[in-house]
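A.B. asks: Listed below, chain by chain, are the residues.
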Amino acid sequence: MTAPLLEVRDLVQEFPVRGAGGVRGGVVHAVSQVSFDVRAGETLGVVGETGSGKSTLARSIVQAPRPKSGSVNFRGTDLVGLRHRDLVAARRHLQMVFQDPFGSLDPRWRVAELVKEPLVGYGVRTGRRARVRELLDLVGLAPDVFGSRRPHQLSGGQCQRVAIARAIALDPALVICDEAVSSLDVLIQAQVLNLFERLRSELGLSYLFISHDLGLVKQVSDRVAVLHLGQLAEIGPGQDLYRHPLHPYTAALLDSIPGLDTRTGKARRPRPLAGEPPSPLDPPSGCRFRTRCPRAQARCAIEQPVLVEQRPDHRVACHFPLEPGMLGERDALR
Amino acid sequence: MTGLVGEFATPVAAGEVAEPLLEVTDLRVRFRTRGTVVHAVNGLSYRVHAGRMLAVIGESGSGKSVGSRALMGLLPETAQVSGSARFAGTELIGMPERELRARRGADIAMVFQDPTRSLNPTMRIGAQVAEAVRAHSSLNRRAALDKAVELLGLVRLPAPERRAVEYPHQLSGGMRQRVMIAIALAARPRLLVADEATTALDVTTQAQIMELLVDLQERFGMAVVLISHDLGLAASYAQDVLVMYAGRAVEYAPAQVLFADVRMPYTRALLGAVPQLEREPHSLLPVVPGQPPDLARLPAGCPFRPRCTAADDACGEAPPFTEHEPGHWWACWHADGGEEAR
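Listed in order, the protein sequences are those of chains A and B. By my numbering, the letter at position 17 of the first sequence is numbered 17, and the numbering carries on one by one without gaps. By my numbering, the letter at position 280 of the second sequence is numbered 280, and the numbering carries on one by one without gaps.
Please keep in mind that the hints were generated in silico from the structure rather than gathered at the bench. For glycine and all other residues, C-beta sits at the position ideal for the given N, C-alpha and C. There is no bait here: all hints are sound.
Computed footprint of chain A on chain B, listed as stretches where at least three residues anywhere in the stretch have a Cβ under 8 angstroms from a Cβ of chain A: (1) 166 to 176; (2) 226 to 237; (3) 267 to 277; (4) 284 to 290.
Short derived list, chain B residues pointing at chain A, Cβ under 8 angstroms: (5) Thr-204; (6) Ala-207; (7) Phe-259.
Given these sequences and hints, build the entire structure.
C.D. replies: Written out as structure tokens, the structure reads:
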């Protein structure tokens, strides 16, 4: 097997916070000992709720800011500890698309200039004008119509296309999408999702696709990682993970999605999880899900579970993982 | 011509006999700004019944929020509202602000998307709920505070006595939304409008808040209008569903009828665009080209025409929104397929 494109090992990111009046201190454990790979050509989805550390994870990978510890091996180079100049060079192949399409574009610039900027920044001297046209075509914006527009003259979906054109301008190997379609209406979201798929097959891109939306992540991902309070709860092939979740938290997430089986027209009524999510400032001892977990036992408070391969290529961090047989009801629904 | 034909008629769900709690007829809202007129709501009619949940589904700019705010007089001065909205027999449109203010909260209450912006960060939770209690009753401060704690318990805020003396920033997003619901319930409204009330919440918290709304609806016979962009949410919780596009109702039916037999191509497109857990990874979504129309320059005829695969010359005239099958309303010339929605 060839080496993975991105190898994240024991990544830790923590932020000190000050309490009221600046007296009492604390540390937000945003990302704790997270390890995973993104293989060449695959899309790895990352799902997690607010405060699960999914955005911090993305930013730690691109070293903005640099993680507290751990390693991020991208195409054979560890980005952690790289000198700034080398890091900038490495990031050429590692691009990000963010949630807010307006906020990530300078409102004074024209679309053509916005798309040209990464080419200028990385010293591409020749054929820039043609490349900008090619990129705009690629993301479905007619260069003659949109090239001279400014961001405020674009819709949210069009802005996101510009952001994508910028991200792919330098032929990256990996694009990190952080809630990249979350602010778009569903019909526009479908257009942009299809664009991501088309670019994947045409340019051989790999994605790290981060979202809170489980349906969305299932749609685009080969493998899916479930993040809970800064830790990896489960990672495995998308199909297997959604059909046979091993971690009770994954199962709870899946049970919370309202929805409709479009084949039968029947609605899925969510079964809510009890309790409030714990604070990342003061995560529970042992397994961080144990305070809300229906399967928790004494051991879960003492011993922190580590990721173990339970099914082929499918790992879970749980002392009492679910077994496929227990989920007959869910199988019937999905 | 924006298509008046038949829009004065109002949908009635199959087998209904009771008087509707809220009856909206041909509601129109336009905003006049700098020479342009934005047609936000264009002849909207629907009914809401006690003890039922109506989901109003639409994308940004479909008029789903503007339509409900118009009823409560919550639109800016630039808005011109016409049409009728009768709540338990009383006309709300054109009602003087003073009267309307007394009715807001008492008859109809609203919960919005962002609880952080609706709550006062410098006031304790209990005091904020008590303020709403006192606005609609003659209780003294002490009694109102007791009532506030009772309401916080009702919305299942954990440890309500303790939480009542905390500030909004000490609560999670889900807890804050529970506080907003407690405030909305202060005067025991007969209709609760939840405008994207769970959109900002995590999926597990959303499920909890929705269970709470359903429970309140059943216990107090309250009517709920759930304004959302999420068809899945509508399918899971609502009894009736109204789909809006470009300020108009395009399809309406009891949820079970609608999702078993989607008729309007726009509704079908919405359903098709939602990523489904059943689909294979990397499968392409059926795509609807283009964008919703500019509400300042609405095209003649059916507003979905430029994006619709079924569109032809007939669509140059706006299709009326009528009851084609018992309880099932739609506005489309080409909805005769009746095929399985995909």
